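Peer 1: Keeping their order, the protein sequence lines are chains P and F. The numbering used here puts the last residue of the first sequence at 422; the count rises by one with no breaks. The numbering used here puts the last residue of the second sequence at 595; the count rises by one with no breaks.
Read the hints as simulated data drawn from the structure, not as lab findings. Just so you know, not all the hints are guaranteed correct.
Pair by pair, the computed Cβ-Cβ distance ranges are [said to hold, decoys possible]:
#: 1; chain 1: F; residue 1: Leu528; chain 2: P; residue 2: Arg9; range: 20 to 28 angstroms
#: 2; chain 1: P; residue 1: Asn251; chain 2: F; residue 2: Lys527; range: 21 to 29 angstroms
#: 3; chain 1: P; residue 1: Gln228; chain 2: F; residue 2: Thr595; range: 55 to 63 angstroms
#: 4; chain 1: P; residue 1: Asp150; chain 2: F; residue 2: Phe565; range: 48 to 56 angstroms
#: 5; chain 1: F; residue 1: Asn566; chain 2: P; residue 2: Phe19; range: 26 to 34 angstroms
#: 6; chain 1: F; residue 1: Val546; chain 2: P; residue 2: Asp99; range: 56 to 64 angstroms
#: 7; chain 1: P; residue 1: Ser61; chain 2: F; residue 2: Asn566; range: 34 to 42 angstroms
#: 8; chain 1: F; residue 1: Val587; chain 2: P; residue 2: Ser180; range: 33 to 41 angstroms
#: 9; chain 1: F; residue 1: Val559; chain 2: P; residue 2: Asp99; range: 43 to 51 angstroms
#: 10; chain 1: P; residue 1: Glu207; chain 2: F; residue 2: Val435; range: 50 to 58 angstroms
#: 11; chain 1: P; residue 1: Asn251; chain 2: F; residue 2: Arg437; range: 52 to 60 angstroms
#: 12; chain 1: F; residue 1: Val546; chain 2: P; residue 2: Leu23; range: 19 to 27 angstroms
All values derive from a computational prediction rather than experimental measurement. Backbone N, C-alpha and C fix where the C-beta goes; we use that ideal spot for every residue, glycine too.
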Amino acid sequence: MESVLGRYRNLIILVGVLFLQVLGLAVQVKKGESQDTRLIRVWALRAVTPFERALVWVQTSSGNVWHNYFYLRGVRAENRQLKEQIEQMRLEQVRLSEDAAQARRLQTLLSFKEQFISKTVAAQVIGTSGSDLSRIVTVDKGENAGIKRDMAVITSDGIVGKVLLVSPNLAQVLLISDQSSGVGAILEKSRLQGVLRGTANGEVVLERVMSDEQVQPGENVLTSGGDQIFPKGLPVGTVTKVGNGKDLFLNIKIKPAANLSRLEEVLVLTGKQEREVVADDQVRVRAADILAQRLPSVPDKPATDATPAGVAPGASPASTGINATTKPAGTTAGNALGTVKSASGNTPAKSVAVPVQPGKTSGKTSAPTSAAQKPKVNKASTEVKPEGVQDEPPAQPSIVEQKQAPVADQPDAPPPQDNSPQ
Amino acid sequence: MPITYTSGEQIEVYRFSLPVTIGVPLVSLIVQAYVPKYFPGFAKYVDLPLLVTIFFAMARRNPVAGLFTGAIIGLVQDMLGAGEIGIYGIAKTVVGYGASSLGVKLDVENAGARLLVTLGFYLVHSAVYFTVARGLVNSTQHFNWGTGFLAGLVNAFLGVILYFVLDRFKQRT
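Chain F on its own, in the form it takes in the complex:
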């Protein structure tokens, strides 16, 4: 039964087994790299590593764990690309920290909250990514609000489904 209280004492904090901690992010990275081979639009509208980052951060409710989860997943995502290493890392670090901090204060166990939180963090992630890319790396990439919002919605709906699947791997502390 999901915990809906928001007081610090009563909030449920979850942990995950080592295979899940390593395996789920790895699978998300593999799927993210493999599926666009057949569906090119997948990479444009879906960011599975981001969804996994948000899920782990919200479930653990530990900002330090959240930011490190985001940093590691983001850096590996950077390594698979051709650009400078660190852009995704910074963006997902911020998201991981924010999601875990939010998880401490708000109920993020129901579908509606998850939908809104994922949409919000997708936009935060995009904003940080493009700011870093343009400001630090001098990239000419630009953010399209229409496409970005649509991608955020797609990620949000996908995230709600994914989170309910990943809930099965949660272990109470």
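So that you can see chain P by itself, here it is in the shape it has in the complex:
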């Protein structure tokens, strides 16, 4: 017996070591995604990352010295080009802010809740997993910087992945191209939702889109917010190829917006706020509202006389806005979005003729008499009715009308806003 053991000693040890590792694998597979291996992973990371940090530091420092002190060729031209770009972006920003304000008002109508990125932590990528089969990167910030597991990681171009493992000064980020990742995504134009997954060869595909849907290459993909990790609307990538997949689903290949193979710095979203959308008071203060506020001597007119185009007869003008406090019953004012009926209306509305702008329901059409009386949307009681939409386009208050408002008469009132389309 001893001779047999001695003869096959090496083989027995090999089988024993293999058996232990298979046992360990089986335990991990059975327990699923557990935190049992977290500690030894952190130890391994701590053993490797100090050297990676040093390498990154040396590389960054030498690069900075070169680029900041020696290689300044073309900086002036680049500066001039960037200034021009800023000017163009300012113009674009004006247009987008108008669109955003309109979107906020529409979201207010529907009691939308939106997520804001309230806090981010910038981190530098210092290493990878070293394996082509496990797509993760290591960043140089961890728990001490407020990073926690499952936080979203992005760049300015698009999403990158989520935090998988955190130690005090390090974090591992699972890229969206890894097989085990999953992100809720939505196609920008067609609004089709799916699940973004990585493949074994590092590609990113959008799954769970039915094969009878039309998806065009080139369409942008955004986060849908459904995974509770990434806020809605972050850029994911672009559709590159659409083909038939299995089980009646399309096989949609996505080119990630962020360059996942050349990550240098990333942002970890450490703070998200979810709040109800409130239309910005500083935008779209309409001429009629200002008139209503600044001219308290304007006599009340009968509702029938004051009814503008687009508002059903018998409706109080106050009920045409989403923030309106309305007459208790029989309010059927129409606009392009339908009728808003508020059950919380107990403030008497002034009978000021207020035209309704189709699709751009202002939050201040109810003519409040002061800032303290600013009407609030009662989310629980606001009901949007699609019926009663008037075909006739309402009148649009002109900028001339707005500028005629006697601002100087009431110094405590806010200045009138430019209501003209940008």
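With chain P fixed as given, assemble chain F onto it according to the hints.
Peer 2: Positioned in the frame of chain P, the structure of chain F alone reads:
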């Protein structure tokens, strides 16, 4: 002068100092994790920890030492990734055992033998890895023979260069 005999009595067995025993595998793991940050294809075609495993196993010519070297390097490599710990460990354990067993019986000191041995063990490593990944962990990863063979050749050529560098750290027993 390299020993080219294959009899048990005349085969040279080498040992390494503690800094080399720990440092070389550690450096290979660091380089393996760091370089893909700038060259993404590196991780696809090069497996430095595997080359180090083969080198130590062949130089020591001790199957037990070889399998433990492979197991430890493989497990640390697993820990740096996102998957289950043990897949690389099992693959490199087998390679370490095989390389050291082969080193006992064959001359693996010349460049041609090293090239072929490294290519062969790269394919063995891949086969074990994907078998374990698919069979035990239920992974959907698949082995591409074309890419695998090319990666094997790249590793083999790189290994020949690396082994001649690491030969300087050998100490005769």
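Peer 1: Would you list, in rising numerical order, the hints stated earlier that this structure does not obey?
Peer 2: 2 and 4
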